[in-house]
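S.K.: Between the sequences and the hints, there should be enough to build the whole structure, so can you do that?
Okay, here's what each chain looks like letter by letter:
Number of protein chains: 2
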Amino acid sequence: MFHVGSRSTVDLEEEITPEEDIVKSRLKEIPHNEKLLSLKYESLDYDNSENQLFLEEERRMSHMGFRCLEIRRWVICGLIGFLTGLIACLIDIAVEELAGYKYSAVKQNIEKFTEFGGLSISLILWAALNSAFVMVGAIAVAFFEPIAAGSGIPQIKCYLNGVKIPCVVRLKTLAIKVFGVICSVAGGLAVGKEGPMIHSGAVVAAGVSQGRSTSLKKDFKIFEYFRRDTEKRDFVSAGAAAGVSAAFGAPVGGVLFSLEEGASFWNQMLTWRIFFASMISTFTLNFFLSIYHGKPGELSSPGLINFGRFDSDKEKNFDYIPFESFLFFPYYFPGGMLGALFNVINYWLTIFRIRYIHRPCLQVMEAMLVAAVTATVAFAMIYFSNDCQPLGQDSTEEYPLQVFIYLLGSMPNRNVICYIAHLQLFCADGEYNSMATAFFNTPERSVRSLFHNPPGSYNPLTLGVFTLVYFVLAVWTYGLTVSAGVFIPSLLIGAAWGRLFGILLSTITSSQSIWADPGKYALIGAAAQLGGIVRMTLSLTVIMVEATGNVTYGFPIMLVLMTAKIVGDYFIEGLYDIHIKLQSVPFLHWDAPPTSHWLTAREVMSSPVTCFNRVERVGRIVDVLSNTSTNHNGFPVVPGKICGLILRSQLIVLLKHKVFVERASSRLSQRRLQLKDFRDAYPRFPPIQSIHVSQDERECMMDLNEFMNPTPYTVPQETSLPRVFKLFRALGLRHLVVVDDENRVVGLVTRKDLARYHLGKDGLEELQLAQT
Amino acid sequence: MFHVGSRSTVDLEEEITPEEDIVKSRLKEIPHNEKLLSLKYESLDYDNSENQLFLEEERRMSHMGFRCLEIRRWVICGLIGFLTGLIACLIDIAVEELAGYKYSAVKQNIEKFTEFGGLSISLILWAALNSAFVMVGAIAVAFFEPIAAGSGIPQIKCYLNGVKIPCVVRLKTLAIKVFGVICSVAGGLAVGKEGPMIHSGAVVAAGVSQGRSTSLKKDFKIFEYFRRDTEKRDFVSAGAAAGVSAAFGAPVGGVLFSLEEGASFWNQMLTWRIFFASMISTFTLNFFLSIYHGKPGELSSPGLINFGRFDSDKEKNFDYIPFESFLFFPYYFPGGMLGALFNVINYWLTIFRIRYIHRPCLQVMEAMLVAAVTATVAFAMIYFSNDCQPLGQDSTEEYPLQVFIYLLGSMPNRNVICYIAHLQLFCADGEYNSMATAFFNTPERSVRSLFHNPPGSYNPLTLGVFTLVYFVLAVWTYGLTVSAGVFIPSLLIGAAWGRLFGILLSTITSSQSIWADPGKYALIGAAAQLGGIVRMTLSLTVIMVEATGNVTYGFPIMLVLMTAKIVGDYFIEGLYDIHIKLQSVPFLHWDAPPTSHWLTAREVMSSPVTCFNRVERVGRIVDVLSNTSTNHNGFPVVPGKICGLILRSQLIVLLKHKVFVERASSRLSQRRLQLKDFRDAYPRFPPIQSIHVSQDERECMMDLNEFMNPTPYTVPQETSLPRVFKLFRALGLRHLVVVDDENRVVGLVTRKDLARYHLGKDGLEELQLAQT
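For the protein sequence lines, the chains are A and B, in the order given. All residue numbers for the first sequence refer to the UniProt record's numbering, where the first residue is 1 and numbers rise by one. All residue numbers for the second sequence refer to the UniProt record's numbering, where the first residue is 1 and numbers rise by one.
Derived from the structure by calculation, the hints contain no laboratory data. Here the structure is a predicted model, which means the values were calculated and not measured. Beta carbons: idealized from backbone N, C-alpha and C, even for Gly. Take these hints with a grain of salt, some might be off.
To be verified - In the DSBU-like style, the derived pairs of lysine-lysine whose C-alpha atoms are separated by at most 35 Å in a straight line are: (1) B:K172 x A:K641; (2) B:K221 x B:K172; (3) A:K726 x B:K656; (4) B:K726 x A:K676; (5) B:K656 x A:K641; (6) A:K217 x A:K656; (7) A:K172 x A:K35; (8) A:K726 x B:K221; (9) B:K726 x B:K641; (10) A:K221 x B:K35; (11) B:K752 x A:K726; (12) B:K295 x B:K40; (13) A:K726 x B:K726; (14) B:K726 x A:K221; (15) A:K218 x A:K40; (16) B:K676 x A:K726; (17) B:K218 x A:K656; (18) B:K641 x B:K164; (19) B:K676 x B:K35; (20) A:K40 x A:K752; (21) A:K761 x B:K172; (22) B:K726 x A:K164; (23) B:K726 x A:K40; (24) A:K752 x B:K641; (25) A:K641 x B:K676; (26) B:K676 x A:K761; (27) A:K726 x B:K295; (28) B:K676 x B:K40; (29) A:K761 x A:K221; (30) A:K726 x B:K641; (31) B:K221 x A:K676; (32) B:K726 x A:K752; (33) B:K218 x B:K172; (34) B:K295 x A:K676.
Claimed, not checked - Chain A side only, calculated, beta carbon under 7 Å to chain B, not exhaustive: (35) E50; (36) E58; (37) T595.
As the list claims (entries may be wrong) - Label-pair distances were calculated between CB atoms; the ranges are: (38) A:Y570 x B:F220: 30 to 40 Å; (39) A:D591 x B:G464: 50 to 60 Å; (40) A:I71 x B:T507: 30 to 40 Å.
M.R.: Here it is as structure tokens:
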């Protein structure tokens, strides 16, 4: 989720001005509305500014030089994968160790109270402990880096789409994110640790590829060539893919995720590098986790979650009959509908939060409340459940102890398991509490149990109640000011009702042979629910297939995800899109709205355009840049006809280095401005206010010829919106100049001009632009 | 392979003229050269011509209309998948049945001669039978549709890249292709039936999506909206993906193949549709083949080839130790080098064929010769081999009978197996001939045996000799005038030397625990060899992973493929690229050559440009179109400044319908020209010669305003080549107008202008343009 608390507005823009700050704080009270489009978000520039400096550098470079660059790109991708894998490993181990520590602290308490029957006091103690964990995590997020809240997937989606979300790829964000995830998972919330990995991978990529950390003020003087939006965005794609890969053990899924969310132009070498990063990432995680688990040779942990094998007990390759995939039919619809319901509730909840819970301390309190309620509800559920199942032969499985594991937050140490295995929680000896199995468990383990436990392990009533309760908890949890993902809770809800339906179907049809395994229905249900919530398509199919390790389920999973998307889209958008919209981000979809052929560039463009002359007076440039009411970023360079485009950031570097015509004579002794100067300032260009220009200097002239992009893309005024959109999107542009047939500038199309139009219920709608 | 025999030149162009024919036949004697760029290939137009007619139609369409279109696209993709799966099924069954029939014909012969010891006569009889099969296939290809020769992958690569290869997606091509593949596989050549599936899928897609067959003169009056290059190319992507999917049971690999080869702009919905087609395709094949094999419920044949499971006998999920993937190291290099060697030999062989074997009858004779030699060599190998292995417990496997199966061409019927199982081929009772196992087998089965047979099944010498011989046969076979793929032979060669290396390594290290299974090395070797030959990257990794059904091998396979590509590229390009180059196809790679920043649009463009006026005299249009020395396809429309672009095909339709200003009065009674008229003529627009224009009509005027694309993409003259390239490639353009700063047309950039520049040994090289 996008965080919109008071902190965020302060950190939002690098180039923030006092006036804007006032405007913002005034507008903060206005409820956020998805009918607005915020002007505060800048675009990334995926199109290189091919000015003279750039061309000179490129022309100087030999073939060997380009090859070295390519090798450096591979090295960076390898590093990204390695570090992302390490971070995933760190999170996993930290969660496990923390839970172990928590356990040893409450162990005495359990022992003391079990004999006297006051187990509830122990449970309440644990609930308090959980709240404490969540509190620490929530404080870190709310007070130090609000952008680290949620899964980070919407932010990364935006970044890959070309929207610059402030602070999203900073080192500090990564630190808070990792810390927050550990706390919230250890705190037993209904969250997963998978989503945040994607954000973490992206930050790692942005950091490594730049060869420096602005936060730490450390410049390694390497990879300087990659200090521009074009290259950085490519690496961030690789980082996001590496994150997915580490989270789900799904390298191909990771690549497809990055492409589905980010790619505008498919480049073979880039894709191949992304795949390399993904592979390294899952391999690193696997390698270190295997060592941690004491089985260094086995490589049994390709991802943070593993669905387990679906076919290990059968000889034949494919263990579902073809018709069955069509009989999964009943599951195609609930996924979309339950997903839509989830999104609708979360939508209203988010609006409520934006309006009333925007102070950090309130946010922390809400998070703590959720943690406490989660524990309490879970306790009550077990207490009132009387679904005691006999402990079968397979007592190696840890059913009865899951309750404690859950309350402790996560996977316990091995000795803990041995200890707890003797508690039956309100059940007779030799039995275990089925509700506890479903409910009190790390979500990852619960999902696996629902997929693989033999038929009869769960009472339908237990599953039904569990679905309902967990659904409510998950909806409430997503959007809290904690770092947490929604993948695993979604899978768990879906697996629960999927299995429930499987059981019901087997009761109805009573043909045990076909319907014998409700675990398959759990898998399909999980896919349906997750698809209904996040509405990802191809990448999600591949992720699910890779996580199950069985290609056979690809077809039904695809059908389910497709139906979930179609049904869900009928009601409301996907969860990530909702949060993106609520933040009024100018997000560009794949195509222009289908019915937008009516519009032409003339109607879409912004005009009049502020232009500069080839040789422009410094005073005018400073005035234009200082004008906060326009705050333009790209300026066509004209004497009448268009002859170039120059960016705010370039002008600022020029002003900072005082590259004035009048100083040309002294510049002969000085060194000439190089691309390096622009790269050093990237990406945090100083605001215009910080640059002092004296009254004398205001009268100087600045020659823009050398620095402007002499060949910006242009379109005639009559071009239809879909055509403009396609050009803009395919090339990842930031500015597109609209010219008349004399090649004179008549307007400028930016991201906001295109994102404004969207398809509403009654056809094409136009969003309003807002300063917030 | 691209076929260049005498037939092909006749069928090459729709708009062929007698003069051109003469030029071509004169130039035919000139040896083909990869330093030339042929002008005979036209581009596809991936950019819609947004003229008034088009915009009117789009604007008339409601939101519901667009939704119906989308549904139709899905239906078409489903159909494509279904039909492609059916065709794959047909090929598989036909090969099997034919082989069975062939067997029953020679069965008596064997029985007669075995007793008398004259087994060699039987073998020679079979060799003759094989030659007969190959002859029938080669005749069909050489005399009826030369474009159906080879695997078809280079042609589809070109098509997806945007080059129109004549006849490549015609129904006749499909029929010949399928027939040819059946013959060549049944004829026992060293070929696979997988590659041609990709071509078949593409043809199916091109046919289905157009809702008509021009060859059969049947128009179903459906899917008319999709009758343009943009839509057709999207569907052909889906068809190619469906083909890959059916061939290897790899739906994701199929999607990635299509994207890697074809995509310029990634579109989520398109990708999702492609995936749907792939899924349907593999599912259809699986379903029908399972029924054919008498196990309708099992779905055990997801693709034409199945590598078998690598982990079925072990409990744990991952059965290779991590270090091993780095110890696969020795295999990283031979793949690239052997692949390069394969390509170099095939390159010279192809040049030889182009020069001397371009007559169909010679081509047929060569194919027959190869078939006979293959059989003879195989026979000699077995005869002189004394590698007799004891028949183990696992006598259910069909080792000893493979020789007969091979000689018969393919998989025999079940009763055949039972019969043959008692022959030991020059070995003592209770033993089987190891060389026969390796050599005489359908390639698919040999590959599986090499992957999965227990250690000790093969003698190293046998493997070494087999590798050498099969390598030579496969090199010789690829490029014959038969429909056949190179995937399976490559895999087989690689599997053989991979297994050989595995055995040698285990002898050297003598640590049986790690190196116990040479099958894994066979898999890695197969990947290395295939990668070294075709140089595909991401898609091939995924295909291999999907075909093995085990994600674990992804990492080593990726490393191997990457190394094979790097090593191989050092020596020579990939096999498909060689054949594309030898045909002088203007193929656009992903990026402009890295050192091409020196060049600008001014140097690259063709000029002067033939322009038309908004209202142009018919006589001039006819003259320009009839001028065979230029043969332009796109004409900027100007009165001074650029105001549109019109295509040859559009002008021809206008001329055909006599849309002249002077007839405007009578046109009021006539119906107005609609998009439908252009679509009906697509894609085989009549040549200008077939349109009769009287002398009176030559003086009429034609108003182009309504039909030209009023907003063509333009670039200034100073734009650097990489920038032009990126725009051209990302949008899939056919013509890009170069303008000066007054917006006057100064040049036109087409595919050939960009494809001309490539990176040679000494930097940027420029290819010559040729009329052939």
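S.K.: Next, verify each hint and record whether it holds.
M.R.: Taking the hints in turn, this is what the structure says about them:
no.	hint	result
1	B:K172 x A:K641	violated (54 Å)
2	B:K221 x B:K172	holds (21 Å)
3	A:K726 x B:K656	holds (33 Å)
4	B:K726 x A:K676	holds (25 Å)
5	B:K656 x A:K641	violated (41 Å)
6	A:K217 x A:K656	holds (20 Å)
7	A:K172 x A:K35	holds (32 Å)
8	A:K726 x B:K221	holds (30 Å)
9	B:K726 x B:K641	holds (25 Å)
10	A:K221 x B:K35	violated (42 Å)
11	B:K752 x A:K726	holds (24 Å)
12	B:K295 x B:K40	violated (51 Å)
13	A:K726 x B:K726	holds (14 Å)
14	B:K726 x A:K221	holds (30 Å)
15	A:K218 x A:K40	holds (29 Å)
16	B:K676 x A:K726	holds (25 Å)
17	B:K218 x A:K656	violated (71 Å)
18	B:K641 x B:K164	holds (31 Å)
19	B:K676 x B:K35	violated (42 Å)
20	A:K40 x A:K752	holds (10 Å)
21	A:K761 x B:K172	violated (47 Å)
22	B:K726 x A:K164	holds (23 Å)
23	B:K726 x A:K40	holds (30 Å)
24	A:K752 x B:K641	holds (31 Å)
25	A:K641 x B:K676	violated (40 Å)
26	B:K676 x A:K761	holds (31 Å)
27	A:K726 x B:K295	violated (49 Å)
28	B:K676 x B:K40	holds (28 Å)
29	A:K761 x A:K221	violated (53 Å)
30	A:K726 x B:K641	holds (24 Å)
31	B:K221 x A:K676	violated (61 Å)
32	B:K726 x A:K752	holds (24 Å)
33	B:K218 x B:K172	holds (14 Å)
34	B:K295 x A:K676	violated (67 Å)
35	E50	holds (6 Å)
36	E58	holds (4 Å)
37	T595	holds (5 Å)
38	A:Y570 x B:F220: 30 to 40 Å	holds (31 Å)
39	A:D591 x B:G464: 50 to 60 Å	holds (56 Å)
40	A:I71 x B:T507: 30 to 40 Å	holds (36 Å)
In summary, the structure is inconsistent with hints 1, 5, 10, 12, 17, 19, 21, 25, 27, 29, 31 and 34 from the numbered list given earlier, while agreeing with the others.
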